[in-house]
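Student: Sequence:
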Amino acid sequence: MDFKYYLFDLDNCLIHYPNFIDFFDNILKENLKNFSINTPPQKERKELLYAEEKHKDILIQWGISDCELFWKLFNEIDFKNRKKLIEKSEIFLFNKVKSVLQRLRDENKKLALISNSPSYIVEYVIEKLSLNKYFDVVLWIDYNKNQNLAKPSPYGILSILDKLKYNSENSNAIMIG
Numbered sequence: 020m021d022f023k024y025y026l027f028d029l030d031n032c033l034i035h036y037p038n039f040i041d042f043f044d045n046i047l048k049e050n051l052k053n054f055s056i057n058t059p060p061q062k063e064r065k066e067l068l069y070a071e072e073k074h075k076d077i078l079i080q081w082g083i084s085d086c087e088l089f090w091k092l093f094n095e096i097d098f099k100n101r102k103k104l105i106e107k108s109e110i111f112l113f114n115k116v117k118s119v120l121q122r123l124r125d126e127n128k129k130l131a132l133i134s135n136s137p138s139y140i141v142e143y144v145i146e147k148l149s150l151n152k153y154f155d156v157v158l159w160i161d162y163n164k165n166q167n168l169a170k171p172s173p174y175g176i177l178s179i180l181d182k183l184k185y186n187s188e189n190s191n192a193i194m195i196g
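For the sequence shown, our numbering begins at 20 and goes up steadily by one.
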C-alpha cells in the first residue's frame with residue numbers, strides 16, 4: 020500500500036525518553052504536592068495518564084477542583100524537566116528519524132506531527148531537535164483548547180487530515196506512534 024500522508028506522534032515515536040511512564044509519573048507526583056493532597060496509588064496515577072476525557076473526574080475524585088490549574092502546573096513541570104533532559108542528551112531523536120523524514124519529504128509526502136503536549140513544549144522540542152522543517156502541519160493540545168482532539172481520540176487525526184486536504188478516495192494515510 021502506498022501512503023501519501025504520514026502522521027507521527029512525537030513522544031516515544033520520534034523521540035526517546037529515558038523511561039516514559041516514570042517520566043510522566045514523576046511530574047504527576049511533583050505536581051500533586053502543589054495541591055497538598057496525598058499521592059494516589061500508582062495504579063490510579065497511571066489511569067489518569069490514559070484517562071482521555073475522564074481526567075477531570077479523576078482529578079475531582081482526588082480532591083482537585085481546579086483542573087485547568089492542575090494541567091497548567093503539570094505542563095510547567097514537564098517543560099522544565101524536558102529542557103533539562105534535552106540539554107543532557109537524555110531525550111533525543113531515535114536513530115535515522117531525520118533521514119526517514121527527509122526521504123518522505125523528498126518523495127513529496129505530506130507529514131504531520133501530533134502531540135498531546137501544549138504548543139510551547141512541542142515548539143521547543145521540535146526546534147531544539149531540528150524537526151520543524153519536516154512537517155506540513157503540527158497539532159498540539161493546550162489544556163484550555165483542543166482537548167477533544169487529544170489522542171487516542173480520532174478527532175485530532177481527522178482534524179490534521181482535513182488541514183492536509185486528505186481525500187480518502189485517491190490516497191492513503193497512516194498514523195505512526
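Among the hints, a few may not be true.
[Said to hold, decoys possible] Listed below are the simulated DSSO-like cross-link pairs for lysine-lysine, each with C-alpha atoms no more than 30 Å apart in a straight line: (1) 23 x 115; (2) 91 x 115; (3) 48 x 65; (4) 117 x 62; (5) 184 x 115; (6) 99 x 65; (7) 65 x 128; (8) 62 x 23; (9) 182 x 91; (10) 62 x 75; (11) 152 x 128; (12) 170 x 75; (13) 147 x 184; (14) 48 x 23; (15) 73 x 52; (16) 75 x 117; (17) 62 x 103; (18) 91 x 102; (19) 103 x 117; (20) 128 x 103; (21) 65 x 23; (22) 99 x 73; (23) 147 x 102; (24) 115 x 73; (25) 52 x 128; (26) 65 x 152.
[Stated by the list, open to error] The calculated label-pair distances, taken between Cβ atoms and stated as ranges, are: (27) 72 x 121: 32 to 38 Å; (28) 63 x 99: 35 to 41 Å; (29) 20 x 184: 38 to 44 Å; (30) 48 x 124: 38 to 44 Å; (31) 102 x 184: 32 to 38 Å; (32) 184 x 62: 28 to 34 Å; (33) 40 x 173: 22 to 28 Å.
FYI, nobody ran anything at the bench for these hints, they're computed from the structure.
Here a beta-carbon is modelled for each residue, glycine too, at the ideal position from N, C-alpha and C.
Student: Hints first: check each against the structure and report whether it holds.
Tutor: Hint check results:
1. Restraint check: the Cα-Cα separation between residue 23 and residue 115 comes to about 20 Å, which is no more than 30 Å; the hinted pair holds.
2. Annotation: proposed proximity of residue 91 to residue 115 is violated, straight-line Cα distance about 33 Å (limit 30 Å).
3. For the suggested pair residue 48 and residue 65, the alpha carbons sit about 11 Å apart, so the restraint of at most 30 Å is met.
4. Distance restraint check for residue 117 and residue 62: the Cα-Cα separation of roughly 36 Å exceeds the 30 Å cut-off, and the hinted pair is therefore not satisfied.
5. Simply put, residue 184 and residue 115 have alpha-carbon atoms about 28 Å apart, close enough for the 30 Å limit, and the pair holds.
6. For the given pair, residue 99 sits about 21 Å from residue 65 by alpha-carbon distance, which is consistent with the 30 Å threshold.
7. Between residue 65 and residue 128 the CA atoms are separated by roughly 36 Å; this puts the pair beyond 30 Å, and the hint is violated.
8. Distance hint between residue 62 and residue 23 is unfulfilled; the C-alpha atoms sit about 40 Å from each other, more than 30 Å.
9. The suggested pairing of residue 182 with residue 91 holds, with an alpha-carbon distance near 27 Å, which does not exceed 30 Å.
10. Straight-line distance between C-alpha atoms of residue 62 and residue 75 comes to about 17 Å, which keeps the hinted pair within the 30 Å bound.
11. Proximity of residue 152 to residue 128 is assessed by CA-CA distance (about 13 Å); at most 30 Å being required, the pair is judged to hold.
12. Between residue 170 and residue 75 the CA atoms are separated by roughly 16 Å; this keeps the pair inside 30 Å, and the hint holds.
13. For the proposed pair residue 147 and residue 184, the alpha carbon gap of about 29 Å is at most 30 Å, so the pair holds.
14. Under the criterion of a C-alpha separation no larger than 30 Å, the hint pairing residue 48 with residue 23 is inconsistent with the structure, at around 41 Å.
15. Restraint check for residue 73 and residue 52: satisfied, since their Cα atoms lie roughly 22 Å apart, inside the 30 Å limit.
16. Our distance criterion of 30 Å between C-alpha atoms is broken by residue 75 and residue 117, whose separation comes to about 37 Å.
17. A C-alpha spacing of about 27 Å is found between residue 62 and residue 103, which places the hinted pair at or below 30 Å, so the restraint holds.
18. Distance restraint check for residue 91 and residue 102: the Cα-Cα separation of roughly 17 Å lies within the 30 Å cut-off, and the hinted pair is therefore satisfied.
19. Distance check on the hinted pair: residue 103 and residue 117 sit about 22 Å apart at the alpha-carbon level, within 30 Å; holds.
20. A hinted pair counts as satisfied when its Cα atoms are at most 30 Å apart, and residue 128 with residue 103 does not qualify at roughly 33 Å.
21. A threshold of 30 Å between alpha carbons decides the hint, and for residue 65 with residue 23 the separation of about 35 Å lies outside it, so the pair is violated.
22. Our distance criterion of 30 Å between C-alpha atoms is met by residue 99 and residue 73, whose separation comes to about 26 Å.
23. Between the alpha carbons of residue 147 and residue 102 the distance comes to roughly 9 Å, so the proposed pair stays at or under 30 Å and holds.
24. With a C-alpha separation of about 36 Å, the suggested pairing of residue 115 with residue 73 is violated against the 30 Å cut-off.
25. Proposed proximity of residue 52 and residue 128 is contradicted: the alpha carbons are some 45 Å apart, above 30 Å.
26. Annotation: proposed proximity of residue 65 to residue 152 is violated, straight-line Cα distance about 34 Å (limit 30 Å).
27. The hint said 32 to 38 Å for the Cβ distance between residue 72 and residue 121, and at roughly 37 Å that hint holds.
28. One distance hint, 35 to 41 Å for the beta-carbon pair residue 63 and residue 99, is violated here, with the actual separation near 24 Å.
29. At roughly 20 Å, the beta carbons of residue 20 and residue 184 sit outside the given window of 38 to 44 Å.
30. Checked against the given bound of 38 to 44 Å, the beta carbons of residue 48 and residue 124, roughly 40 Å apart, stay inside it.
31. For residue 102 and residue 184, the Cβ-Cβ distance of about 35 Å falls inside the hinted range of 32 to 38 Å, so the restraint holds.
32. Here the CB-CB span from residue 184 to residue 62 is close to 43 Å, at odds with the stated 28 to 34 Å.
33. About 24 Å separates the C-beta atoms of residue 40 and residue 173, a value consistent with the hinted range of 22 to 28 Å.
Hint compliance for this structure: hints 2, 4, 7, 8, 14, 16, 20, 21, 24, 25, 26, 28, 29, 32 are not met, and every other hint is.
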